[in-house]
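Q: Residue numbers (my numbering), protein chains in the order written: chain U, 102 to 702; chain V, 13 to 434; chain F, 1178 to 1476; chain Z, 5 to 270.
In short, the hints are calculated from the structure, not lab data. If you're wondering where the values come from, they're calculated on a predicted model, not measured in any experiment. Positions of the beta carbon are idealized from the N, C-alpha and C atoms, including for glycine. Each hint should be verified, as a subset may be incorrect.
Cut-off 30 Å, straight-line C-alpha distance, at most; resulting in silico cross-link-like pairs (BS3-like, lysine-lysine) [to be verified]: (1) F/LYS1217 x V/LYS246; (2) V/LYS244 x F/LYS1445; (3) V/LYS311 x F/LYS1390; (4) F/LYS1341 x F/LYS1449; (5) F/LYS1449 x V/LYS311; (6) F/LYS1321 x V/LYS279; (7) V/LYS225 x V/LYS152; (8) Z/LYS229 x U/LYS178; (9) F/LYS1264 x V/LYS311; (10) F/LYS1321 x V/LYS311; (11) V/LYS319 x F/LYS1445; (12) F/LYS1288 x V/LYS69; (13) F/LYS1271 x V/LYS279; (14) F/LYS1299 x V/LYS244; (15) V/LYS152 x F/LYS1390; (16) F/LYS1372 x V/LYS279; (17) V/LYS396 x F/LYS1299; (18) V/LYS246 x V/LYS396; (19) V/LYS304 x F/LYS1372; (20) F/LYS1390 x F/LYS1264; (21) F/LYS1341 x V/LYS270; (22) Z/LYS77 x U/LYS563; (23) V/LYS152 x Z/LYS229; (24) F/LYS1397 x V/LYS225; (25) F/LYS1217 x V/LYS311; (26) V/LYS319 x F/LYS1299; (27) V/LYS225 x F/LYS1445; (28) V/LYS304 x F/LYS1264; (29) F/LYS1271 x F/LYS1372; (30) V/LYS279 x F/LYS1299; (31) F/LYS1390 x F/LYS1341; (32) V/LYS396 x F/LYS1321; (33) F/LYS1217 x V/LYS304; (34) F/LYS1449 x V/LYS396; (35) F/LYS1390 x V/LYS396; (36) F/LYS1275 x V/LYS319; (37) V/LYS279 x F/LYS1397.
One-sided excerpt, in silico: chain Z residues whose CB lies under 8 Å from chain U [what the hints assert, rightly or not]: (38) LEU16; (39) PHE17; (40) GLU68.
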Amino acid sequence: MSIATTPSTVRHEPAAPAPVPHHGSFLSTYVFSKDHKVIGLQFLFSTLVWFLIGGLLALAVRWQIAWPWSDVPVLGKLFAQEGGQMAPEFYTMLFTMHATVMIFLVIIPILAGAFGNFLIPLMIGADDMAFPTLNMLSYWFMWPAFIAFGASFFVEGGAASSGWTSYPTLSTNVASSPGSGWGQTLWLLGLTFVGVSSMLGSVNYMTTIILMRAPGMTMFRLPMTIWAMFITAVLQAFALPVLTAAGFMQLADRTLGTGFFSPEGNIVNNWMQSTGGGQPLLWQHLFWFYSHPAVYIMILPAMGMVSDILTTFARKPLFGYRPMVYSIAGIAGLGFIVWGHHMFMSGMNPALGITFMVSTMMIALPSAVKTFNWLGTVWGGRIQFTTAMLFALSFVSMFIIGGLSGIFMAATPVDIFIHDTYFIVAHFHYVLFAGTAMGVFAGIYYWFPKMFGRTMNEFWGKVHFFLTFIFMNGTFFTMHILGAVGFPRRLADAYHYETFHHLQPLNAFMTWCAIGMVATQAIFAANFFWSMFFGPLAGRNPWRSNTLEWTAPSPPGHGNFDFQPIVHRGPYEYSVPGVEQDHLMQTDPPNAAAAALAAAH
Amino acid sequence: MPHASMMRSAMHRHPVTIIAILGLCLLATGCGQTPPAYFRPNMVEATKQRLTPDQEKQVATVLLAMFGTPDEPVCMPETGLDEAKLRLAAGPVRSDIVGRKNGLYREHCAHCHGVTGDALGPTAAFLNPYPRDYRPGVFKFKSTERADKPTHTDLVRLLHNGVPGTSMPSFALLPSAQVEALAEYVKYLSIRGETELTLMRAFFELDDEAQGKLPETREFLVDETLTPIAEKWKAAADAQIQVPPMPADIDLVASIAKGKELFYGDKANCVKCHGVTGLGDGQANDYDDWNKAIVEIGKEISSGSAKARETSTSGMSPDELSEHRAQLAWIEKFGRVLDGDALEPRTIPPRNLRHGIYRGGRRPLDLYYRIHAGINGAPMPAAKGTVPPEEIWHIVNYIRSLPYELDGELGADKPMLAKDRF
Amino acid sequence: MRTCSRNSLLGVVGLGIVAAAGCKAERVATPSADAQAAGKLRVTLVSASTGGGAVAAASTGSGWGTLKGRFAFVGDPGTAKPLLADKDTEVCSKAGMKLLDRSLLVDPSSKGLANVVVFARKTTRVKEPLPENPTGASLVFDQKQCEFLSPVFAARVGQPIDVKNSDPIGHNTNVSGSDFNQLIPAGGSTTYVPKAETGMPTMVTCNVHPWMKAYMVFRKDGYVAVTAADGSFTIPDLPAGEPLEFQVWHERSTGPNGALGLDNADLKWTPKGRFQITLEPDQVKDIGTLEVPASAIGT
Amino acid sequence: MNRLSGIFWSLLFLAVPVLGVATFAIAPAIDVWLPKDVSEHGPAIDGLFYFILALTGVVFIATEVLLFWFLWKYDAANGDRPATYIHGSHTLEVVWTIIPAATLLFLAIYQMNTWADVKMRRPAMAPSVEVVARQFEWRLRYPGRDGTLGTPDDLFLVNDLHVPVDEDFLVQLKSMDVLHSFFLPNLRIKQDAVPGMKIRVWFKATETGQFDIVCAELCGWGHYKMKGRVTVESREDFDQWLESQYARQNATQPEADPSTAVARTE
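Just need the whole structure built from these sequences, with the hints factored in.
A: This is how it looks when you write it as structure tokens:
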């Protein structure tokens, strides 16, 4: 098509999906492709596979918590010698790798890698990323990580088993735990590669967003998704080096015999440690200096996507666009000075605890602001309950819970009791699963047409949402009251404590819910792959949305746009009074619409 | 909704796919058959004794008849074991039943000591020192003479205090009924293991007319094999070492000084292994019996294979050749058996006497037992006979003073001559 | 052992699954008990009845005979390796004297193989009065310059053995599989009374000086001999007129439990290192020189 | 049809606050709630917990119900009025920034005192006991008669901590190998034990009884079984117990009656 084509016609004629033109071999087009969309999808598929693996790991964990030492289905064969019961070190390995996989191989890459890659150029009107080769590398650097983490399950002693935080001296000392052998080394290697990948990505995103916006696309006309991706990239760029450095220090402690993190005269498993003079808390500081910002890396993009989806299906402008942007920036800024709230009980100077408590209380603020603005966005809209919308709404609803429960932990005296109990487990699962994962599902249902040119089945989408929503809350909400009892996390069997032995039925209930939750994802998988090939054709703009990606063909060919998009307004001009359609795309020329707009203001 | 129509049209074709995939998932997670727990035969000994599969099978069968399975233990009256206690300790864990009445051993012990009591639990390989293998029936920390079995009280006390300086935890918080049951079950596993060893070794003693089959008679299996082993356990209770009381009017300082003399002297000769510093840095490259056995076998195998390599098969008569082949096969099998059924041998360093950690207990009485009778299974020799009781008491007092020779902090590790400290 | 270092390598390469399979397959298969047979057997065992198997009384002869023989090593015994004696060198390797491995002692002139143990497996009667000691050597088990003076030591069960230490340093004497592991102060001594038969000879060590090694064999009837430097042995006063079975052992034999298997048809020599013989009363039976091929001796 | 689905979904979202509140209402009834508190500082902590619970509860209910109400009311299928065209409200933004900010700040300042009491204002006294955590047990060392640690009359025990009631009790916390966490649920105490650090923990128990010691920081494969027991008892019982343990530790003769060899647990 030519530039002369009016997008309004573009909008209504359901265009057949334009085939991806072949530049070079299959290999260079689909495997080692430099096209941001292909890379995005590569990220999407890899992370979804790991999502499944992580989920199954979680099930095994839940099994042990609910029925410790009783025969494990399927896995039982591994423990024939023990009569089918799970060995405790195997359990520690399970929850360690569950967290590791979910955080480093699913959430971070699926948000930044999959959606970031796919959406950024499309939503800012660029034909590709600034550095396509870097982009490709950022994906292929994930593979050494995939291999390292995957292989670590099969080495002597099994995979890493000192928690995803891998605190020294448990993690630095080979003798301290079976998983602290080969498994931990591979874990550190994997982590490094994930870091490299994210770093390459973030550099690319920042450059692209700053330099390659379409004409007329000012920073404050960017959709929230892009803002979120931008801030996330900044966070990664500043936080990651610290983790990578710390990782190398730990690697050195383990392999070169340095003593950054181990004090003098430590006797682990009755082996006298030769090195010493270090300080275990140093790792915790370095680790959380990355990993707290990382918490926001794991939620901000979802927030952005949810904002876009809410506006689309509420047919209403985003409530308080700039406050939303500022609050994201605020979160990012404060995110760097709150890491200490993970260490209230760690032996860090209690006086520091007070300062970190204050900053932590303050970071709850921007989150609150965002929540209120989402409510404001829904208020007075014309809400369409599509699957994407439902997931987006559940994100808001669940994020409220996750946010509020955070306040308990932020209050240092209360944290004395609930630190490292199931209360914290509930908290971060509400933020990361009930929050981010819901956002991700919303994003997949919402952008699926743009990715594959076909829409996912709505009916089964809603079934998927309903069951997930029920089971999810059944699993995670219960954790709050478990935490109130002080039920500690990471215990292979807590029922020999008088304080906790009556909690077994509750845990059994949660495990059944968890099983249901994982099983439900089969519906999603089926729907996803079925719709990829047999789903109804989508057309360019099935949701009648405003942002730039919807002006491109579905799926967009190489180079994305078949005309040069020129941006005339912000991304959220829905239900503009006096305009016949209930939305004005960013590319719509400022003719009659502009008049109407002026009248409205 | 622009796509409502598509939606409806799609709905009909779906359920098949989805149900299929759901089914697959259930298949993947739901049904998995877990084999019941079983007693693993002592493959190291079986291979050492060159048992044939039939012979291994016979031993397994006899043991099954005499001792039952990990889930349903039985015991011959001759063992003098209390089956009720055994049932409390044995069996799978049913943690979903509050106040359940079985599975204690597999809940608390099997991870390290193994369901069979062979110290090959999944966690064993990562512990230092390795957990105890009950099968040879050798126990270290007890109130009886070197070769005697521990008394029931000894086992209970050990469970109660744990073994400081090892991975053996204290079970003081378990109800005593459960501790009793566990102690009884340890005896059961030990008697079973020792019986197994005896049976496997018995094949070599067989006359040729027995055609490599043990007589399955009460005389042989019970009277000749089981009863002697069980008797040793029964005898333990009355075999406690009689400890002459420490002289009441003992002058501690003088006693400690005397103890030091003995520690460094040629008579008690402690210094040879525990070192001039008392840090356990003397003769330290020896093995305990369990590891030594594996080391010896390792040597045997390597020498055997070396031998086999250098002998040329050329000019061998057919049966010589088959013999040669058999030898090679045996060596190869032994290699695999050690891989799976034995732990990497580790030396046993003498105790560092300055940590103030005493595995067998810190009571003066415990130290007296150790010095008097030595430590069974370990290099520590007995001083009885060559060192009179009152001198043993002196040594005890000196040992107890060692951790405090520095500025009162435990675990001092600066290699300084103990002589210069006092 | 019990490690999968191979697998860890593979793991790094990423062939985890394969590795896992290998790791799990590593433990050798074990025989499964025959449940039915076990059930039947249990009935036999719990029933107080003497479940058959009464041993037929062995035919007994009369009079006494003597067995003589000699073991000769065929082939090149090589030169004895020096032992690693790194403790108490001022005593143990005095004047640079090296302790040598004595596990294979062959007399250069006669090729006689020393320290082979021959004992009667089962005997029905013993000639009274019992000889003072079966081996002819004195019942002193001494250690000097960090070496047990008798590499292979035989005694009758119940005979008091004088365990001596003629060194200016302390030793301990550890008879494996027995209740005896005793400190022997410098120049001191203690008494050990063996309580049970050993079956095959058992190892004796000194834990202070790990290289010190000897063997002890105890028999109830005392019908046991250790070959001398020239490889010859004599067992006097054996019950005559009835079949006797002898067990032969050598420290370095490749046979099971050190049994010395020879290819000797007329003595019906078995792989378990046993041969049978029946003595006439007052006969001194000399079974001549038995040739021990190098292949029967491990490295 | 569509309106029905709108109703259905909005009700689903209403279920969140309803069931959420219900859960927290039922929990105490079925004894899935804060364990019995027997410490002097505990009430302050519990008080804060309830205060925050109330505060967040109100916000939770308000926001979730609002969400439900908007979903119910502004369902596209519910009447045919256009969506409100509004880009936000400056006043609102200010309001819902200031109010939470004030609340949170108040919260932060309000609880500093409790924090200082539990973690910063250490009673001036010598350690009542040294707890050395190691994989996987709590090794205890009482100073013994002379009241100072590291002397030959120290009393060594495992996992079985005894504490006199109504007295300040100062624990000197160490770790021998890896991180552990000294968690006394009923005494509202939690403190990581860090290798190479000597950390003081103090509390005053107000009731006699036996309570759990839990390890709350992953310390390896046996983390789950790193269980201890704290026995709060009167001063007399405490001293008597100390004496008996001391006698047992220094025994030079076996017990006359073997059944008294170890402290019995029923």
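Q: Which hint numbers doesn't this structure obey?
A: 2, 4, 7, 12, 17, 25, 26, 29, 30, 33, 34 and 37
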